[in-house]
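K.L.:
Protein chains in written order, with my numbering: chain A, 1 to 324; chain B, 1 to 324.
In case anyone wonders, no lab produced these hints; they're calculated from the structure.
Heads up, a few of these hints could be off.
To be verified - Simulated coverage check for chain A against chain B, where a stretch passes if three residues somewhere in it have a Cβ under 8 Å from a Cβ of chain B:
hint, segment
1, 164–175
2, 238–247
To be verified - Here are the computed lysine-lysine pairs in the BS3-like style, where the Cα-Cα straight-line distance is at most 27 Å:
hint, chain 1, residue 1, chain 2, residue 2
3, B, K13, A, K224
4, A, K201, B, K227
5, B, K43, A, K78
6, A, K96, A, K13
7, B, K185, A, K201
8, A, K86, B, K201
9, B, K78, A, K201
10, B, K227, A, K43
11, B, K201, A, K260
12, B, K78, A, K207
13, A, K185, B, K227
Think of the CB as a built atom: it goes at the ideal place given N, C-alpha and C, for glycine as much as any other residue.
Number of protein chains: 2
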Amino acid sequence: MKLFLGIDGGATKTLAAIIDEKLNVLGVGKAGPSNYHIVGLEKAIENIKNSIIAASDRAKINPVFDSACIALAAINSKVDYARLLKRIVALNFFVKLKLVHDGEAALNSIMLKNKGIIVILGTGSLVAAYDNNGNYIRAGNWGHIIGDEGSAYKIAIRALNYIMKIYDGRLGFSPIVDEIIRFLKIKDLSEISTIIYTDLKNEEIAKLAPTFIQFASKDNFLFKIIKEEAEEIVNAIKAVYSKVNYKNIYLTGGLTRSKKTKLYIDLIKEGVKRSLPECKVKVAEVHPVIGSIVIALKEENVEISHKEYVRMTKELNILLRQIH
Amino acid sequence: MKLFLGIDGGATKTLAAIIDEKLNVLGVGKAGPSNYHIVGLEKAIENIKNSIIAASDRAKINPVFDSACIALAAINSKVDYARLLKRIVALNFFVKLKLVHDGEAALNSIMLKNKGIIVILGTGSLVAAYDNNGNYIRAGNWGHIIGDEGSAYKIAIRALNYIMKIYDGRLGFSPIVDEIIRFLKIKDLSEISTIIYTDLKNEEIAKLAPTFIQFASKDNFLFKIIKEEAEEIVNAIKAVYSKVNYKNIYLTGGLTRSKKTKLYIDLIKEGVKRSLPECKVKVAEVHPVIGSIVIALKEENVEISHKEYVRMTKELNILLRQIH
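Only chain A is shown next, with the shape it has when bound in the complex (with noise of 0.2 Å):
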């Protein structure tokens, strides 16, 4: 029996998936983040291990793969990617093994065949696909400090940075203050500050921005920032289909899932109809670790129908229910 793991890493946690070569889903692990560029090679490492012993002993099998896939965020170069690749390897676990980054999973977990291109809309943002020589082409995603433009994190900072300028006088009051200090749970606006810097981290500062995004449809301020940050999306979706030319555009992430983030949503839509008008924009729930699967199976070039596809991605979620 072959057997094949698919991991999820990014700056919140870890998830490990492992199936056997009929597509059953034999296990799942979860552990701590693997965003290296956040927690450090060591501690990236130690949680993607971490994951897969989990998976393995919840599948009661030994951790050794036919085929695996690792999906990580923040591989953004080639010495990102030789720094993982040699401490992964170093874990003896794998016959064959491909890291990747982990917008490649999101594009493999939606079955697009090449051809669409994927959005993500979560603590950090990224617009991906590929070309049809197989190339991997992305915009965004450089990360929080220099990168991931209409993101929540950085809707998030926005929205705070926007209300410390109320607060010392650089902008004029609004009522909205009064509904973010409530929000907040703050007595005063100077302890966002304090918040920011010692209470929250990154992936709790994005958390804060579907309220945000509800808030900018009582505030013109906040409303230029939320339609500043979805024209990033719009020019980042333009970047990638100059080279691609899909039509259908699909939108996924944590900021396609609330119900205060419409206005969001129907922003980049507009922005899309306008900028690209033969493009489609659908939102589609992905899991980005059933990618990481889909390419560890093909690397062994293992065929999935579309039947197949439907039953594993139910076994995996009720799985991955549990864990959650």
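On the provided structure of chain A, position chain B as indicated by the hints.
P.N.:
Using the frame of chain A, we list chain B on its own:
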């Protein structure tokens, strides 16, 4: 003999200076960073303690001070103040202790007699003044995540974000890319992400800013970034000016000390001239640790003449250069 202590603690280092009641400089000491939003509370307190002990050893005194002023970056809220004060008091070094935002040290260091506005353009940025009632007024300085507009750090990350947009096709090519590749000593632009997230600390990223400002004279998009950041500083000056009406504006910090940043300083000066033609902008060399000492002396009602201030400053500069 009465002993006075002044401390200036920030994201890069903590400096301590000890003087006696005759304003003789007895010793200075240096330790690691004490911006607790960046290094954490434990490390910040440890470095404050170490800077005091280093200065006391050089001064050959026991660390017991009649009056001390500790000026720290990142004291932005009552919560910050309370957290730090409790731990600093527990060090048991002080009869009288004043804990202030580092902008207050900068303000006192140039002997403004409460009649000027100070603009710090360093790794972070700040505009501050005392109003006629002695209240501390500030705009900006909400840190690298939700503030510090117009700072070296903010200019550097915006420039790098611009380059990543060229790299992935969101913006068109500019010849400045080749100059930046040479300046950063990289082979491929994707390495920028790796450098930023795993190699450089905030203050090291900030050190890239003067060169990016220099490049801005040859690149329209970089020029636009520099102009927008200068406008942010001008807006902060306007916010403080509206509360104090002081016509003297003093610029200080790393960005005022480089030949490469002339364009940026000129843009700020032009912006002030346009918005507040009644104001005068000067570049002032300030030493925040001297400002802390001035505050410590005020607390004990020690008068300082301008002559004594100049002598003390000279003595301190000599000693500070020795430990730099």
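K.L.:
Which of the stated hints cannot be reconciled with the structure, identified by number in ascending sequence?
P.N.:
Of the numbered hints given earlier, those the structure breaks are 3, 4, 5, 7, 10, 11, 13, listed in rising order.
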